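Chains A and B, in that order, are what the protein sequence lines are.
Going left to right, the first sequence walks through residues 1 to 458 as the working numbering numbers them.
Going left to right, the second sequence walks through residues 1001 to 1142 as the working numbering numbers them.
In case anyone wonders, no lab produced these hints; they're calculated from the structure.
Do not take every clue at face value.
Stated by the list, open to error - Quick list of in silico lysine-lysine cross-link-like pairs, DSS-like style, CA-CA up to 25 angstroms: (1) A:K169 with A:K158; (2) A:K271 with B:K1099; (3) B:K1022 with A:K271; (4) A:K171 with A:K118.
Stated by the list, open to error - Short, incomplete list of chain B residues facing chain A, as computed with Cβ under 10 angstroms: (5) L1002; (6) G1013; (7) T1029; (8) L1038; (9) S1043; (10) S1054; (11) G1074.
What the hints assert, rightly or not - Here are a few chain B residues that face chain A, going by a calculated C-beta distance under 8 angstroms: (12) R1006; (13) V1019; (14) V1035; (15) I1036; (16) F1102.
These numbers were taken from a predicted model, which means no experiment stands behind them.
Ideal Cβ positions, reconstructed from N, Cα and C, are used throughout, including at glycine.
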Amino acid sequence: MKALLIDFGSTYTKVALVSMEPPGLIAVSQAPTTVESDLMEGLEAALASFTGRQLRGVTFKRASSSAAGGLRLVAVGLVPELTVKAAREAALGAGARVLAAYAYTLSGTEIAEIGALKPDLLLLAGGTDGGNREVILENASRIAASALEMPVVVAGNKSAADEAAAILKGKVPRVEVTGNVMPGVDRLNVEPAREAIRGLYLSEITRAKGLDRVQQRVGLVMPTPLAVMKAGELYWKATGRETMIIDLGGATTDVHSFADGRPRDAGRIVKGPPEPPVKRTVEGDLGMRVSLSALLGVIPTGELAESLPFTLDEGALPAYARRASLSRDFLPGDEKERALDGAIAGAAIREALRRHAGSLTETYTPQGRLWVQQGKDLTATAAVIATGGALVHGRDPGALLRAGLSLGDPLVLSPRSPQIFLDRAYILASAGLLGETRPEAALAVLKDTLQPLGGISG
Amino acid sequence: MLRNNRVVLGVIGADVHAVGNKILEMVLTEAGFEVINLGVMVSQEEFINAAVESAAGAIWVSSLYGHGEIDCRGLREKCYEAGIGDIHLYVGGNLVVGKRTFDEVEKLFKEMGYDRVYPPGTLPEEAIAHLKEDLADESATD
Chain A
1 MKALLIDFGS
11 TYTKVALVSM
21 EPPGLIAVSQ
31 APTTVESDLM
41 EGLEAALASF
51 TGRQLRGVTF
61 KRASSSAAGG
71 LRLVAVGLVP
81 ELTVKAAREA
91 ALGAGARVLA
101 AYAYTLSGTE
111 IAEIGALKPD
121 LLLLAGGTDG
131 GNREVILENA
141 SRIAASALEM
151 PVVVAGNKSA
161 ADEAAAILKG
171 KVPRVEVTGN
181 VMPGVDRLNV
191 EPAREAIRGL
201 YLSEITRAKG
211 LDRVQQRVGL
221 VMPTPLAVMK
231 AGELYWKATG
241 RETMIIDLGG
251 ATTDVHSFAD
261 GRPRDAGRIV
271 KGPPEPPVKR
281 TVEGDLGMRV
291 SLSALLGVIP
301 TGELAESLPF
311 TLDEGALPAY
321 ARRASLSRDF
331 LPGDEKERAL
341 DGAIAGAAIR
351 EALRRHAGSL
361 TETYTPQGRL
371 WVQQGKDLTA
381 TAAVIATGGA
391 LVHGRDPGAL
401 LRAGLSLGDP
411 LVLSPRSPQI
421 FLDRAYILAS
431 AGLLGETRPE
441 AALAVLKDTL
451 QPLGGISG
Chain B
1001 MLRNNRVVLG
1011 VIGADVHAVG
1021 NKILEMVLTE
1031 AGFEVINLGV
1041 MVSQEEFINA
1051 AVESAAGAIW
1061 VSSLYGHGEI
1071 DCRGLREKCY
1081 EAGIGDIHLY
1091 VGGNLVVGKR
1101 TFDEVEKLFK
1111 EMGYDRVYPP
1121 GTLPEEAIAH
1131 LKEDLADESA
1141 TD
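Chain A with its partners taken away, still in its complex shape (with noise of 0.2 angstroms):
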């Protein structure tokens, strides 16, 4: 029994040749995607690398893909602090991509930028359970009365949501009513939207995206993010460790946790919104090469040039992003250049992990001193996994991770002492491709191809 795993990555299409029993990786192999003629041609190529021998025995096929864009999602709530900021997170924890996010009654101006973003989906949220109706029954009427065409999931106050989806019935090509993302201002309740993201998904959008050919023949299945977040669940489930990965990529810096993130110490106030204790965060300006101009301008320059073996010239580092993000496929030349690359990849790591964790602030109170937590505390993760080009192709990932792990903030509650483990054969996805059916073979499969970078003392 072989298991057939694919990822259609924007630049990629990787395959990963799986044995079931006993569980193991037999070999992977990737081929540039095909997106402008059909998928399947990238997928071709990447299977010929297998011998006729190897493929035999194949029973199971199951695909991710962010080619073509990924998943595209608005999310509407009401307002940004609570619902806008629940429905990001239950759109993040499903793999897509959100292009926008809004707040309160929306205006026409943002159904004219909403319409021009040409989103594959809309999330509709707004009100907690038995909260306010207004708003979200207006945003449904201003959405049907528009020209907007996208398939729309209803995750608002359920006393709200039926109507909503009823005023939007026939005027956009689905409706698909579910659990409120915020039943109350204290609870975050994504699972159901997330699944319901992923139905719309399998039954909507590959079609709109013409991979419904895809799905049929290989089993395509969930975007690319999704996949990696369900590898790092079941690790975290399996192993009982808390569980960060960082997918250092060229256009983007996605981090995922997996933690409940209560403090670690005693006395502490935890104030804002919930968070869910699978939190994926996407930074769209910290990416390595297609965004690097954007990176550069986020990270401080002088941390950059403290963290390299020799000065910098000026007008080195701007020549330098623009020669990168011209080729995905770009690879540092020199030594100086892998150099910068390094100390570039630590600082997008750790501006990343500035994000994604949780942070403490002191505040004086007529009672005295108190630490208020906002966020969720990672302080005890215990394993991360790294993956992304710029790691797996550097000369050594390891201090490259440790230095991307050392923010040497004590009030950013960022992982202290984790084991470090580097994805250098692009497993995740395939992983929890795998881990929905077969936990136990993916599980095998992680343990066989992660490789153990050390730990970090704390």
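With chain A held as given, fit chain B onto it using these hints.
Same frame as chain A, but now just chain B:
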């Protein structure tokens, strides 16, 4: 019969007095209200955000540490801005420090837009009776 049974509850400002807050949550719940309890150290924005999402009928603000006047000022104005200007605002606790009579304090907070103001030592039942009055459904017949 109430037209709205949802109350947003919290201790405002940098105040961390948690016990009274828990007691109020308990008695309000027992009296049949749905309590959206934001706990301690609650900012004005948090009160308003929670009230908007939950379409609550009232906000109950507690302040025990004497800085109530500074912390509570402007909440009514912000409610107007957020489109919930007609929400019932209740406030109670050790609202100010210094030698002021409760009459002065009540007048001050009413001018700030609070509908009901309570001195220290008020029993929760008294305020709950007021809440039932304020949130009664006038269109319903007994």
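### Query
Does the structure break any of the earlier hints, and which numbers would those be?
Of the numbered hints, 2, 5, 7, 11, 13, 14, 16 do not hold.
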